[in-house]
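Chains as they are written, first to last, in the numbering used here: chain A, 17 to 332; chain B, 147 to 278.
Keep in mind the hints are simulated off the structure, nothing from the lab.
Misleading hints may appear alongside valid ones.
Unchecked claim - With the Cβ distance kept under 10 Å, some of the chain B side facing chain A (calculated, not the full set):
(1) Glu194
(2) Gln228
(3) Arg244
(4) Ser255
(5) Ser266
(6) Ala267
Said to hold, decoys possible - Chain B residues, not near chain A, derived (Cβ > 12 Å throughout):
(7) Thr205
(8) Gly241
(9) Thr258
Remember, predicted model here, so these are calculated numbers, not experimental data.
Even glycine gets a Cβ: it sits at the ideal position worked out from N, Cα and C.
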Amino acid sequence: MNTCSKLFATAALAAGLSACQTTPPTNADLVAARSAVAAASADPGAARATVELDNARLALQRAEAAWADRRDSEETRHLAYLTQRRADIALAVAAQARADERLQQAGADRERVRLQARTREAEVAAQSARAAQANAQMAQADAQSAQAAAQSAQGQAARSQQDADAARLQAQQQAERAAALERDLQSLAARSTQRGMVVTLGDVLFATGQATLQPGAQRSVQQLAAVLQQYPERRVLIEGFTDNQGSEQMNLDLSQRRADAFRVALLAAGVDASRIDVRAHGKAFPVADNNTAAGRQQNRRVEVLFSNGDGRFAGR
Amino acid sequence: MKTLSCAPFAGAIALAVLAGCSSTPPASPALAASAASLEAARSAGAPEFASPELNGAITKLERARTLAQAGNNEAALRWAEQADVDAQLARARTGSERSRRALVEVETSLATLREEISRSATATNPTPRAPQ
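Given only the sequences and the hints, what does the whole structure look like? Please build it.
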């Protein structure tokens with residue numbers, strides 16, 4: 017049947033039935049088109065494709081009208097196809113709009129995360145730089161304190177060395193001085209004893225049984241005074257001794273007076289009083305046999321003991 | 147070739163005229179519109195992103211042109227209309243496909259970035275040593 021004969025049949029039918037409007041029978045294409053439009057309307061992104069959705073609804077209306085008015089299945093099929101496609105367009109437009117929104121959001125997120133990462137990287141780098149710097153500073157401080165310790169140790173070693181050198185030098189000087197003193201006392205017939213240098217002044221230098229110094233003793237006095245002047249660090253201990261003749265008291269007294277007399281002589285020769293000590297021993301500490309006259313004479317003596325370099329005397 | 151000849155049905159012609167038989171508009175405006183939609187779809191990138199829909203539209207437009215040349219305006223019109231809407235769909239799907247792929251790319255790089263950060267966050271940082 018060609019189109020015109022179809023139209024004739026339709027027109028005749030419509031003319032015949034125009035008086036009563038009945039619900040059109042189901043058209044499968046139309047049903048499909050309706051559900052397509054419904055689905056597009058219900059899509060979550062429908063709000064972003066309102067124009068396209070309106071176009072789809074208009075297309076559906078055309079299809080509905082074609083079927084309701086003319087029962088033209090071919091035309092209805094065609095219009096239903098157009099409706100379906102328009103519904104698909106609405107869906108595609110909605111999908112693009114939603115994708116673009118999410119794209120924008122994701123792009124912003126990516127930038128934010130990149131910024132966070134760069135900030136974190138910068139912080140980490142700054143932190144490692146600070147840590148490295150702190151380590152370097154501490155290493156430097158350690159090096160400095162090690163150097164200072166080394167220097168101080170070095171200084172201490174040098175000072176110890178200096179002290180040792182000074183002590184050695186002092187000892188050397190003292191020894192030299194003691195040797196010099198010894199030489200200088202040779203003219204006085206000094207003896208080197210455990211207690212130090214001792215000059216013995218014999219009995220002949222005193223009047224018999226008395227404490228008066230004979231003129232001959234002056235020479236010894238002058239020599240001793242000269243030595244004492246040359247060695248200002250030394251002091252002298254004048255000790256008086258007698259033989260065992262006579263009483264204890266008498267001998268102590270005589271030995272005291274003789275020692276004192278020599279002291280006075282040294283004072284007169286210019287020796288400072290603080291440098292002279294005196295002690296009387298009486299008949300104690302004989303140096304010879306008291307049973308012979310010669311021995312007794314030897315025991316009747318005055319000893320002059322020289323102190324050490326500090327001005328002290330060693331005990332008997 | 148079919149011709150729209152209503153001569154044998156003189157009586158029905160009046161009704162047929164009312165029903166709009168011989169006044170089928172020429173198909174050329176519809177053909178032009180379809181061609182325009184096709185061109186728009188092509189330049190949007192439809193050959194790459196929506197080739198099935200585009201090829202369908204091209205085929206239908208060809209058919210519409212052939213029918214129009216043969217004088218079958220009504221059929222040509224329908225095919226042209228379908229070609230037009232197909233081309234528009236091709237263009238719409240090109241747009242959505244482009245956006246979808248771009249979204250996938252950005253979300254993938256975002257996920258990679260986040261993974262890299264979480265990996266580097268667990269790595270130990272150098273700490274300053276205690277003073278000696």
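Interface hint status, Ala267 (chain B) versus chain A (Cβ within 10 Å):
8 Å, holds
Is the nearest CB of chain A more than 12 Å from the CB of Gly241 (chain B)?
Violated: least Cβ distance 5 Å, not greater than 12 Å.
Minimum beta-carbon distance criterion (10 Å), Arg244 (chain B) to chain A:
8 Å, holds
Determine whether the non-interface label on Thr258 (chain B) survives the test: each CB of chain A must be over 12 Å from its CB.
Given that some Cβ of chain A is not farther than 12 Å from that of Thr258 (chain B), nearest at about 10 Å, it is violated.
When the nearest CB of chain A is found for Ser266 (chain B), is that gap smaller than 10 Å?
8 Å, holds
Was the hint right that Glu194 (chain B) lines chain A, CB cutoff 10 Å?
This interface hint is violated because 15 Å lies over the 10 Å limit.
Grab the minimum beta-carbon distance between Thr205 (chain B) and chain A and tell me whether it stays above 12 Å.
Non-interface label stands for Thr205 (chain B): nearest chain A Cβ at 14 Å, farther than 12 Å.
A closest beta-carbon separation below 10 Å is what the hint needs, so does Gln228 (chain B) meet it against chain A?
Since chain A brings a Cβ to about 6 Å from Gln228 (chain B), closer than 10 Å, the hint holds.
Please check whether Ser255 (chain B) passes as an interface residue: C-beta within 10 Å of a C-beta belonging to chain A.
Result: holds, 6 Å to nearest chain A Cβ.
Of the numbered hints listed earlier, those contradicted by the structure are 1, 8, 9.
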